[in-house]
Amino acid sequence: MRVLMPESVSEALAFKATNPDIVPIAGGTDLLVQWPGQLERQAASYLDLSGLDELRTIRWTQDTLELGALTTYWDTLCQPRVGVEHPLLHDAARQVGAIQIQTRGTWAGNIINASPAADGVPVLMAYDATVVLASVDGERQVPLSAFYHGYKQLEARPHELIRKILVPRREHDVQFFEKVAPRQAQAITVVGVTVAHSSCGWRVVASSMAPTVCRCPHLESLLQEGTPVSCPEDLLEPLRADVSPIDDLRSSAHYREQVMSRVLYFNLGETCPAFRSTR
Amino acid sequence: MKRLEGLDKLTGRELYIDDLPLEGHLWGMTVRCPIARGRVREIRFGEGTDWSQFVIVDHRDIPGPNELRLIETDMPVLVAEHARYCHEAVLLLAHPSRRQLRHAVREVQVLMDPEEPVFDFTCAPRPEQIQHGQDNVLERLRIVKGDVEAALAAAPHVIEGVYETGAQEHLYLENNGMVAWTEGDTVVVKGSLQCPYYVLNSLTWALERDDARVRVIQAPTGGGFGGKEDYPSLLALHAALLALKAGRPVKMIYDRDEDMAATPKRHPSWVRHRTGVDESGKLLAQDIEVILDGGAYVTLTPVVLSRAIIHAAGPYACDNVRIAGRAMLTNTVPYGAFRGFGAPQTQFANERHMDVIAHTLGIEPAELRRINLLRDGQSTSTGQVIEGGTDRQAILQTALESSEYDDRRTAHTAFNTSHPYLRRGIGLATFYHGAGFTGSGEVYLKSKVRVAGLPDGKIEVQTANTEIGQGAITVFTEIAAAHLGLPTNDVLVAEPDTHRVPNSGPTVASRTAMVVGRLVERACDDLRARLGVDSGTSDGELQRAIVEWHERGQGPLVGEALYEPPPGIVWDEKNYRGDAYGTFAWAAYVAEVEVDLRSYTARVTDFVAVQEIGRVLNPTLALGQIQGGVVQAIGWALTEECQLRDGAMANNQLTNYIIPTAADVPPVRVVFLENPYPYGARGCKGIGELPMDGPAPAVANAIAEALGIEPHAIPLTPPRLMELMTP
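For the protein sequence lines, the chains are H and Z, in the order given.
First residue of the first sequence? That's 2 in this note's numbering, and the numbers climb one at a time after it.
First residue of the second sequence? That's 600 in this note's numbering, and the numbers climb one at a time after it.
Just to be clear, a hint being listed does not mean it is correct.
[Unchecked claim] Derived coverage of chain Z by chain H (criterion: at least 3 residues anywhere in the stretch with Cβ under 8 Å from a Cβ of chain H; other residues may be distant): (1) 1190-1198; (2) 1241-1250; (3) 1259-1265.
Calculated directly from the structure, the hints in this document are not laboratory data.
Note that CB positions come from ideal geometry on N, CA and C, so glycine has one too.
Start from the sequences and build out the full structure, keeping to the hints where you can.
Okay, structure coming up:
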C-alpha cells in the first residue's frame, strides 16, 4: 500500500496526472469497508486528499450553492441555510449511515463511488447539480445527470479529480427524498425516490433501481403533462421504461418496482395538490 | 450495585482475546469446504507460495479421535474424507504474518466430488441424501397427555395452522477468537467462550490427554447468546492443534464474514397445530408436530428439541396434549444453542395460533388467554403440576393496563380507516420459560462451586460460569456479599480457569444466577460452618475468623457446595412425564406496530414486557436482560434473515444481515412482578432467555391486527408482507 499526501490541489492534480491509477481517498467510508479482507485494495496506491482544506468549503454565489470536494454530510448539516434552501440535502445527509459516517463521508466521494444505492447523488441530481472536474489541463463542468454511463462507468477521466459541486439555487414547490431501507440507520437503500419540481420542471430520480442512480424521463413527462393517475399501478408502465431493477440479496426487482410506484403515488398525493386532482 | 467491569467495557479498556499481549505467536486461519456436501478429492497448494514457511495441520495431525465430543461424536474436528456443510473446516494454516496468511488461505484449493445435499428439513430425504441413521432424523421426542384423538373427535371446533421460523445469527459484538500455547506438558487455550469445561472435554478427547494436561481459560467475552456454547470447543481444538505442531502460541480470530458463515445459528422450525376448542374458547386438545432443522451434525440439537417440545403447548391448561418432535439433518452449518433454545420457535407457533383461534371463534385474544392460562394446581403438557402462587392473570392484566391495550385498539381502528398508507395494530403474547437444565439435566451435571476464604479476610467465589455481557460477576458478588454480610469490595470472583475453578456447569439455560448462584450461597454456608461461625454473627466476625484461620496456618480455607435438586422434583426421562423444570418464569408481552403500506415495512412503536422472575437481584441488570432480549427477538421477527444459497449463508455481512439499531428500537417498558422462588439464589429465577420467547408472536399478532392478515412465518420482511397483502 502506497499513500501520497499532496499539500495543495495543484500538487494533487500533478500526482494524478503522473499516476492515473492512484485512488483518491478522503473520508474512506467506502474504501475502508471490510479492509482486513480486501487484499486487492490493500495493494493499491492512494492519493490522500484529506489534508486539502481549500476543498473543504461551502459557498453561496448569486445563483449557486458550491460544495467543495471535501464537504462532508455533517458539514452541510451544520449549515442551517443549506436546510432552508436545499432541504433534501439535509434529508439525505441525515439518512447516510449514522453520525460517524456522516462526519467522514463526502458528497464528492459519494459521486465517485458511483453506487446505484447512493443517498447523496440522487438529491444532488434532482437539484440539477453540476460536477466541476479539475486536472492539470484545467477545469470542465459535467451535469451530474450525465456523469454516469453505466455501472461504475464515470464521465471523469483518470487524471481528473472532483474539485467542487455546483447546486443551482431555485424555488421548489414540491420536493421529497424517500429512502426505503431495512432499518432506520446504518442501512443501504433498497429503493430511493427523489422528486423535485421548480420552474425548470419535474425531476424524478431513482436509486437502487438501475445500474446507476438515474433520472426517470418518462415519469417526469407524465407529471409534466398532468396525466391522470388513479392508483400506484398506473405508474408502473413509465417506471419500467425508466428503470431496470434487479433481484439481489437486499430485495427483489418486483418489490422495488411496486414500492417505487407506491412511494411516488402516496408522497405526491401528500405533497402535490396538482397530482391529487388528477386522481 | 453497578456493573463491576462495566466502565472498562464502556470505555474500551477491557482487553478481549485479540487485545491481550502475546509474544512470538503465529496467526492461524482455516481452509474451508467450498460446497454443501461431497468427498475431498484433492487439496491443491498454489505454486506461488513458499509453503515451507507455513505450519499446516490436517486431520492426520489429531492425536486422538477426529471427533468433536458434545452429546454425540459424529462431527469431525477437521474433514478427513466427507464434508457435510459449506465452510466446514478442512485444513489449518499458521504463519507469523496475518496478511501473508490471508493470501495463503486463498491459494489452497479444496477439490471436491459433490454428493447429493439435503436442504429441506420438512420433507423426507431421498436414499442418496441419507447421512445419519436410516432417515436423517437426529432426534425424535414425544409428549403425550390424555387422549388427543378422542378429544379432537369430540371437540366442537378443530382449528389448524402451520407456523415457521427462520435461522438467526447471534451477532455477538466480539467474533469467535482463541489463543493456544503449551506450558511444559500442558496445552493451554484461552479465548472467547461460555463454557470452559465443555471446551476442556473436547480437548481431552481429541488430543487424548487427561484433565491435568489441558487448561482452559475464559478471556473477557463480548457476548455469547449461546453462540459460544459449543463452537469454541472446535475453535480451541483448531488453535491447539496448530500450537502443538508449531511449538509456538497460535492466535485465531475470526473475521465477521467468516464468523457469520461458518458458525451455528438458531434452529429453523416448522410447527403444525391442530387444536380442539369449545364455544367459549377453552382448550380441549392440542395436537402439535414440531420439526427442527438440525443442520449437518447432532451437536446440541437433541436438547434444543427437548426444550422446544416442552414449551410447545404454552402456559395453558389442557387435558389432552400430544407433541411429536423431530430434528432433521440438512447440509448447512450445524444449528446450535441460541437464547431460548427451541422455546422461542414453538411459542411463536403457539402464540400466533392462539390469535388464529381467537379470530376464528370471534373471541378477544386477551380473553382466550384469560380462559386458558394455567392456574395453580393445574398441570403442563408433561403433567408437571404448577404451584408456587404466581398470579398469571395479574401478569396478563398488568400488561394490558400498562400498554393501554383496549384504548389503543379503539384508536387504531379509527386511524386505520383514515390514513392513506399507515396501519397500526397491537398484539399480545403470554408465555413461560423453564429455568435451568431440562429434566434430570442439572442432576447429571453435578455442578460444584467453591468459595475460598483468603488470608486478608476477603473471599473468592470460584465457579466455571462466565461473564458474557449479562453481569455474572456482579451478580455473584452481590449474592455472596449479601449472604455473608460482607461489603461487596471484599468479594472477589475468580477468573474461569479449569485449573483453578470447579466445574459448576455451563453458562447457559438461564441457570447462572438461579442454580449456580444458589450453590454460591450454599458454599458460603459451608465456609461459615468450617469456621464455626454462625449466620447471626456481627459485622467483621467472619472476616476475623478467616484471617485467624490463615494465621494459625490451617491451610486453604474453602467452602464447597454440590448441586442438589429441589425436593419433590420427579422427571421420567423415558416417557417425558413429570417435572421438566424446577420452576418457570411467566410473562405477558404487548407490542404495538405501525406498518407503512408504501414499502410494506413494519416498525415496532411501543412495547410492554411484564414478567414474574422470582425476586429481581439487580434491577439494572434485569432491565437490561429484558430489553436486550426484546430487541433481539424483534430482529428475529422482522428483519433478521439468513439467506442460504446452496446451504451457505450469502448475506454474511453486517450490511445485509439486518439487526435492529438503536434508532429502530421502541421504548421497551419493563415491569417485574416478584414472587420469590425458594430454591434460587436470594429467591431469583432464570431471566436471560425468557424475553426471547414472547416478542416475535406479539409483533406478528400486532401486524395481523393492523393489516387483517394471518402471518404464519417470520421474519416478516417487507417482501414477505407485500406477498401477504397482494395474494
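Query raised in the report: Taking a Cβ-Cβ distance under 8 Å as contact, does the segment 1241-1250 of chain Z have three or more residues in contact with chain H?
Result: holds (count 3)
**Report entry** Coverage criterion applied to the segment 1190-1198 of chain Z (partner chain H; beta-carbon cut 8 Å; 3 residues)
**Finding:** holds (count 3)
Requested in this report: Count the residues of the segment 1259-1265 of chain Z whose CB lies closer than 8 Å to any CB of chain H, then report whether that count reaches three.
Outcome: That given contact holds, which follows from 5 residues of the segment 1259-1265 of chain Z lying within Cβ reach (below 8 Å) of chain H.
Violated hints are absent here; each numbered hint is respected by the structure.
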